[in-house]
Amino acid sequence: MTTSSHTGHAQSTDNYLTFTRGIKSWMFTLDHKRIGVMYLVSVLASFFVGGLFALIVRTKLLTPGEVSWIDADQYNQAFTLHGAIMVFLVIIPSIPGALGNFVLPIMLGAKDVAFPRLNLFSYYLWVTGAFLSVYALLAGGFDTGWTFYTPYSTTTETAGVIPVVMGVFVLGFSSIFTGLNFVVTIHKLRPPGMTWFRMPLLLWALYATALIQVLATPVLGITLLLLIIERAFGIGIFDPGMGGDPVLFQHFFWFYSHPAVYIMILPGMGIISEIIAVHSHRQIFGYKYVAFSSIAIAIFSFLVWGHHMFTSGQSELMNVVFSFITFSVAIPSAIKVFNWLATLYKGAIVLNTAMLYGLAFMFLFTIGGLTGLPLGTLNVDIHLHDTYFVVAHFHYVMMGSALIAMVGGIHHWWPKMFGVMFSEFWGRIGCTLVFVGFNVTFFTQFMLGSQGMPRRYYMYQPEFQTYHVISTMGAYCMALGFFVTAAYLLHSLFFGKKAPANPWGGRSLEWQCTSPPPHDNFSTTPSVGNPYDFSDVRWNEAEQGYEIDPNAVPSKDTH
Amino acid sequence: MIHLLLQAPSESTGQNALMTSAPVTPADFWLPEGASTFAPQVDFAFQFVAWISYFFFVLVVGLMIFFAIKYRQKGREAYARGPSHHTMLELGWTIIPTILCVFMFWFGFRGFIDLRTPPQNSYQIDLTAQKWAFNFRYPTGAASADQNLYIPVGRPVKLVMRSEDVLHAAFIPAFRVKHDIVPGRYSTLWFQTDHVTEGWNDSDPLKQKFHHFFCAEYCGKGHSGMYAKIFVLPQADFDLWLEKQGRWMDDLKGDELWQVAGPKLFGRCASCHSLNGSAGTGPSWQGLWARASGGAGSDGKLDNGRETYTSLIGPGKKFENPESYVRNSILNPGDHIVVPYGNVMPTFRGQLNDLAIDAIIGMMKNLDKFDAKGKYIGGAPIAAK
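Chains as they are written, first to last, in this note's numbering: chain A, 531 to 1089; chain B, 2 to 386.
Among the hints, a few may not be true.
Covered, in the sense of this in silico footprint (three residues per stretch, anywhere, with C-beta under 8 Å from a C-beta of chain A), are these stretches of chain B [unchecked claim]:
#, region
1, 90-101
2, 322-331
Restricting the straight-line Cα-Cα distance to at most 27 Å, the calculated cross-link-like pairs of lysine-lysine (DSSO-like) are [said to hold, decoys possible]:
#, chain 1, residue 1, chain 2, residue 2
3, B, K75, A, K1028
4, B, K254, B, K159
5, B, K71, B, K159
6, B, K230, B, K75
7, B, K71, B, K245
8, B, K159, B, K75
9, A, K876, B, K75
10, B, K370, B, K254
11, B, K366, B, K318
12, B, K210, B, K245
13, B, K75, A, K1027
14, A, K876, B, K159
Sample of chain B residues lacking proximity to chain A, with all beta carbon distances greater than 10 Å (derived) [unchecked claim]:
#, residue
15, A51
16, A69
17, Q74
18, G76
19, H224
20, L241
21, K265
22, T309
Hints listed in this document are in silico derivations from the structure and should not be mistaken for laboratory results. Every residue gets a Cβ at the ideal spot worked out from N, C-alpha and C, and that includes glycine.
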């Protein structure tokens, strides 16, 4: 039954892209694949805007003093916008919203998510949040930093603070509904044979992510409402002048925002598990270890928020306890890296664009993870806190890991999503530019930070200039890499070769339907096996793609 | 248990460690020169973590590159056989990192307890942070006139810090210390350094050595300019310096008051007020005296346009003379806001005495004798500091 779907001859006009036509058929679609594509376009547009603000910030930092084309207030707004856009509009919704929506039901063998209407509503909540952010920008901007720390955020004169906080509040609900949808889908819509331990690791990661989204995001919502109440009505919650406590805001904020770091990185880890296994054509090493480490990370993520506050004035005892628990998060993260490494061992590795992004992720995440260790070490963190070291660390994790995984995932599923192949030659060039640019940009920032350069500085001491100049050059290189990437991906949409059903040799269910998938994903309920047992996968020269040999004897590989 | 540890300062922090302990840690690839007594401890923990990181980085990336080259796909090979798990290996890479993490935690914890436990005999300096300046006040009641932090060598110093407005943070990279300054509560920070900063009283600023004192918590427009220098003085020099701070303006005769004291005091105003007419967070001082005394610009708008300089200042009006207006604007900045600026200036009540205000007014009256940065360029020779 699955063989008929990947013969290529079956690829008619009836795929999800051509199933119905017209703008309304997209705007009111309940198809998880179309909603995923709409998320993808929206998130990438936001990424472009957030990236422009990053370039403005980096260009200012070429010189230590004042410059004529941007003053301190405008600079503060630029880095605030860069942070807020990248966190709330790009990274948090990127993988679950765009790739998760597209592949989760297909990987699971389902026709759609559990609540398709709620799914569309999530997307429009995202759009509403984005418009509120744009409105905030037009209404006078905001210069609070993406962390909205009080009492600065309740007293600053920029008029856009309340609109953008409303925007983030709405975006939070978009995230909660997506998470809820995924939890219910994974629990209820698994077809016969799809046991928990036959789920691809991306689904475990998305499940762990969804748990955090549902449990942590409401706290952000409450915190932001309290902030609005204080700013708009002068009710003292965080302002000590009115009997409040500014450190309380930090506790509330990080109680969400630390788990949010794992909302960003866990789906990326899931994608990497897929990419590494498929492009090594080999059973993933330690499936259960990787699956349970996702759940362990999700649980630990709720217990470590205080490590953002070692210098805030919280009690010394709390600092010590939070430092101790923080180190426990290092273990499941390390386990994942070692398991990916062991998956490469004795594989059949293809160094195509998607895999290069996968290996880039391992390189960057190793640095991002290891530089978390000095930040968890109490007395060292006191020195490094609020410096460029922290900036470099979280860019390695949030951009170098989460976003690079997203870009890798886009390349991995691009043939599936749009039915076309992109240029591998330009793909590798783009990946190299991004990888080199990224390291030049952010590795220099580790040195800046450990030598004492504080973050969020418009002007700085002249001794730091060399590093800042190198860092800015890296940012330009990275921008070039992303433009190359955008160019060949767009080019492939119009001129790309037609994609086979299974271009990489994947064994999970999405590779068993046509590229692009039909509206209903599967005409018949697919047969479910071990998603990492590649023993029955064969190369089909005529199709220039892989296929599953129906006569193959199942391998004895188990988890 | 924590409590017991908190009460037991380590041997390197006691008063008998004077001048002998803890050499300065040299600058290296990562860290700047360390000048405080706990810099060696912090640097050790940093290097310990760093070497563990180098090891694991080389291990992971080295194996990754090796495997990626050695196990390249041959032809269109679609299935490679490799082990799917290995219990001992998996236990190994769970347990070994866990043990290393316990060591890292322990070094960080020990160092942190020392960092947060000021010795009983600490010399206390009060720090008031505001947008965008640090104000240091010494036990004698004197404030540091040039806004820089002067400390005695070889003696534990404790900063008791409070904020007038939003969050700030005190950060001294050379001392490896940092702490937020939170409005509504007192925060403390302590350190000791056994090394004098050379050339601290050299008249050539290029020959002065000093440590940076940064604001590390984002606080708005002037955040990156919220900065002080730290000079470490021998005890005797420090005593002399401190005595001078209390009465440094008393010795100034006649015009010396605004010629010498004006520029020093202006340092605190410069983050918001320019001297060359360019708009800052507050109005420029250029032309201010003319406006206030009925000359050009005296029709400038105050209080959202309800008042002008002329309607407020003059015989029989709210301010009898321009001096009274300027004085009130320093002590009660919110009374009459110049259009189009916001009500953001903090009060300087209790920080500037009458003599200091006289010096500022004198400077405003003679602004043509100062350059754009507030340096006195009038001809008359000035007495030494």
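Each hint tested on the structure:
With a cut-off of 8 Å between beta carbons, the region 90-101 of chain B has 6 residues touching chain A; three or more are needed, and the interface restraint holds. Coverage of a stretch by a chain is defined here by at least three residues with a beta carbon nearer than 8 Å to that chain's beta carbons; for the region 322-331 of chain B and chain A the count is 0, and the condition is violated. Restraint check for K75/B and K1028/A: satisfied, since their Cα atoms lie roughly 24 Å apart, inside the 27 Å limit. A threshold of 27 Å between alpha carbons decides the hint, and for K254/B with K159/B the separation of about 36 Å lies outside it, so the pair is violated.
Straight-line distance between C-alpha atoms of K71/B and K159/B comes to about 59 Å, which puts the hinted pair past the 27 Å bound. For the hint pairing K230/B with K75/B, the CA-to-CA distance comes to about 64 Å; that exceeds 27 Å, so the pair is violated. Distance check on the hinted pair: K71/B and K245/B sit about 74 Å apart at the alpha-carbon level, beyond 27 Å; violated. As the CA atoms of K159/B and K75/B are separated by approximately 67 Å, the hinted pair breaks the 27 Å bound.
The straight-line distance between the Cα atoms of K876/A and K75/B is roughly 12 Å, inside the 27 Å bound, and the hint therefore holds. For the given pair, K370/B sits about 18 Å from K254/B by alpha-carbon distance, which is consistent with the 27 Å threshold. The straight-line distance between the Cα atoms of K366/B and K318/B is roughly 21 Å, inside the 27 Å bound, and the hint therefore holds. Proposed proximity of K210/B and K245/B is supported: the alpha carbons are some 21 Å apart, at most 27 Å.
At roughly 24 Å between alpha-carbon atoms, K75/B and K1027/A fall within 27 Å of each other, so this suggested pair holds. Of the pairs offered as hints, the one joining K876/A and K159/B is violated, with about 60 Å between alpha carbons and a cut-off of 27 Å exceeded. Remark: the non-interface label on A51/B conflicts with the geometry, its nearest Cβ contact in chain A lying 7 Å away (cut-off 10 Å). Listed as a non-interface residue, A69/B fails to keep its Cβ farther than 10 Å from every Cβ of chain A; the least gap is roughly 5 Å.
With 10 Å as the threshold on Cβ separation, the claim that Q74/B sits away from chain A is violated: the shortest Cβ distance comes to roughly 4 Å. Listed as a non-interface residue, G76/B fails to keep its Cβ farther than 10 Å from every Cβ of chain A; the least gap is roughly 8 Å. Consistency note on H224/B: stated as away from chain A, yet its beta-carbon is not over 10 Å from all of that chain's, at 6 Å minimum. Listed as a non-interface residue, L241/B keeps its Cβ farther than 10 Å from every Cβ of chain A; the least gap is roughly 29 Å.
For K265/B, the non-interface assignment is confirmed: its Cβ lies about 22 Å from the closest Cβ of chain A, beyond the 10 Å cut-off. The Cβ of T309/B lies farther than 10 Å from every Cβ of chain A, with a closest approach of about 24 Å, so its non-interface assignment holds.
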